[in-house]
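Model the full structure from these sequences, guided by the hints.
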Amino acid sequence: MTEKSVEAKGICKSYKSFFGTAARVLENISLDIETGEIFGLLGPNGSGKTTLISIFSTLIYPERGSLFILGMDARRDKGEIRKAVNISTAKPNFPWSLTVKENLRHYGMLYGLYGSALSRTVEDQIDAFELGEFRDMKFENLSTGLKQRLSLAKAMLNSPRLLFLDEPTTGLDPDMSIRTRMLIKRIHQEQNISVVLSTHDMPEAEMLCDRIAFLRKGQIVAMDTPRNLKKHLGLGERVVVSYEGLADIAALESLPGILGIKAKMGRVEIVMDRSADSLDRIIKLFCDARILDIVIKEPDLEDVFLELAR
Amino acid sequence: MSWQGELNKYLASAYKNWIISRRNIFTVFELFFWPMISLLSIGLLTRFLKVEGSMVSFLLVGAIALTILQVAQIDVAYVLLFDMWSKSIKNTFIAPVHSYHLIFGASLFGILRGSVVFFILAIVSRYLFGFNFQEGGLLPVLIFLAGVFAMAVVIGITVCISILTFGQKADVAAWSLSGLILLVSGIYYPVEVLPPVLQVLARALPLTYFLEYYRSIFIPGPHHLAMGAFLAAFYLGLGLILLDHAIERARKTGILLRLSE
Chain A
1 MTEKSVEAKG ICKSYKSFFG TAARVLENIS LDIETGEIFG LLGPNGSGKT TLISIFSTLI
61 YPERGSLFIL GMDARRDKGE IRKAVNISTA KPNFPWSLTV KENLRHYGML YGLYGSALSR
121 TVEDQIDAFE LGEFRDMKFE NLSTGLKQRL SLAKAMLNSP RLLFLDEPTT GLDPDMSIRT
181 RMLIKRIHQE QNISVVLSTH DMPEAEMLCD RIAFLRKGQI VAMDTPRNLK KHLGLGERVV
241 VSYEGLADIA ALESLPGILG IKAKMGRVEI VMDRSADSLD RIIKLFCDAR ILDIVIKEPD
301 LEDVFLELAR
Chain B
1 MSWQGELNKY LASAYKNWII SRRNIFTVFE LFFWPMISLL SIGLLTRFLK VEGSMVSFLL
61 VGAIALTILQ VAQIDVAYVL LFDMWSKSIK NTFIAPVHSY HLIFGASLFG ILRGSVVFFI
121 LAIVSRYLFG FNFQEGGLLP VLIFLAGVFA MAVVIGITVC ISILTFGQKA DVAAWSLSGL
181 ILLVSGIYYP VEVLPPVLQV LARALPLTYF LEYYRSIFIP GPHHLAMGAF LAAFYLGLGL
241 ILLDHAIERA RKTGILLRLS E
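As given, the protein sequences belong to chains A and B, one line each in that order.
Okay, so the first sequence: first residue is 1 according to the working numbering, each after it adds one.
Okay, so the second sequence: first residue is 1 according to the working numbering, each after it adds one.
There is no bait here: all hints are sound.
Short, incomplete list of chain A residues facing chain B, as computed with Cβ under 8 Å:
| hint | residue |
| --- | --- |
| 1 | Y15 |
| 2 | T89 |
| 3 | N93 |
| 4 | W96 |
| 5 | G115 |
Worth flagging that the hints you see were computed from the coordinates, not collected in a lab.
Every residue gets a Cβ at the ideal spot worked out from N, C-alpha and C, and that includes glycine.
This is how it looks when you write it as structure tokens:
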């Protein structure tokens, strides 16, 4: 049996105040993440993504449920798990007055690196994340993008087998977001590590993730590959045809793979399953009309997100 | 993991505290300004009140003890305070470290800074007020310092436990606990002048015994050093156990996550 990166069953979590009032954040979360997979956690703010990542990384503990990380019991073997995982947090924060190099050195020491191995690892991460020019710059003076890169560099110090990325591109400009995504893809490919990524950026999830779990109010409402999610939710391709003359709209409904039709004078919007390959048959139904315009729009995760967040 | 790797886990907090301290102008105040103010004000007060020789030593020992206690305890508390203020506590507690790694490194740096302050104050008080800190030889000085530093570590651990239990607002404990110790452990007066209830509390604090021991060099009298050493060891052990418990509790309640937000 191959070892899974994460095996979670029935995870529940509430935040309790000192006086015992509880706010339920996660409800009965069960999921498996395969080794080598990039797994996305999507959901609106407050849906429990950061809490779930924090539980998987053993920073905080679940209230109920069983959790195995890299085949190890998260209650019993948390020390061993912490050696094998790492995290890059949303809104990365580090001691302000330490430079890039000093921060990496400090966290490297916490992971038990020493001597030339510590110096080499720090330099390797500085190079890998293109931080050389900023190595002696204090954390408080770094731009948001550089802070994010430092956070990713810190997360790679212990060569983790499982990497948690909590909203890694939040606050970055579009160019830096794309570069960060490429960087994540490169790390994943070169080092063959499993990645759990939380985001509410749909293109990011679509570009990076093999599978996605949608969280809403602390519960998983859907989990699958991006393609299957779109398919199962009936969010097929949208074909919009503008035309003059006569078209057999009623016959459209009988075509295989048609998920929905909205027609008004001179314009019809058809939602169709791409795998049904019905486009040529749709066009044939307009043979007596003059097609003015035809637009084919693939659904994106934004559509899935909006559908599931309702 | 090799012993060098394990050693570096212990030294990581000392490394962080050292860099932050050397870049912080307030370190100058902590190391020189406030200690000098404290020493000079007590020393000059003894002149004004025409206090005789051995009592001057009594008071100056108190002033020096309080100052190095404050310097060393804040360094221990800084191990969490710096992380909490910079909202980076998550990064520390996701690493495979235990409470004793963090406390040891921070204590090491606190002891170093406390020793520097002691050395400065001892020299200044010798030249300005004729106080010879080495009157009983080097060993009593080392025993006295060990007692003060042990108390400082216990206070620092208590501050960390308070933060992990009650959250960010508990950082006020970092500055108020040493004030309570000042009141109770007889920094400027013998504990016998305290009300009976506070005397019980004073007898539960190791610092009381270490102060009595060191003062007995200058004003001969009874002391219970062994009790002080026992209490110091007991509180250090208990403190580390309770800190581990507080960390585990903070992981359960999720306060570790909230301290990073």
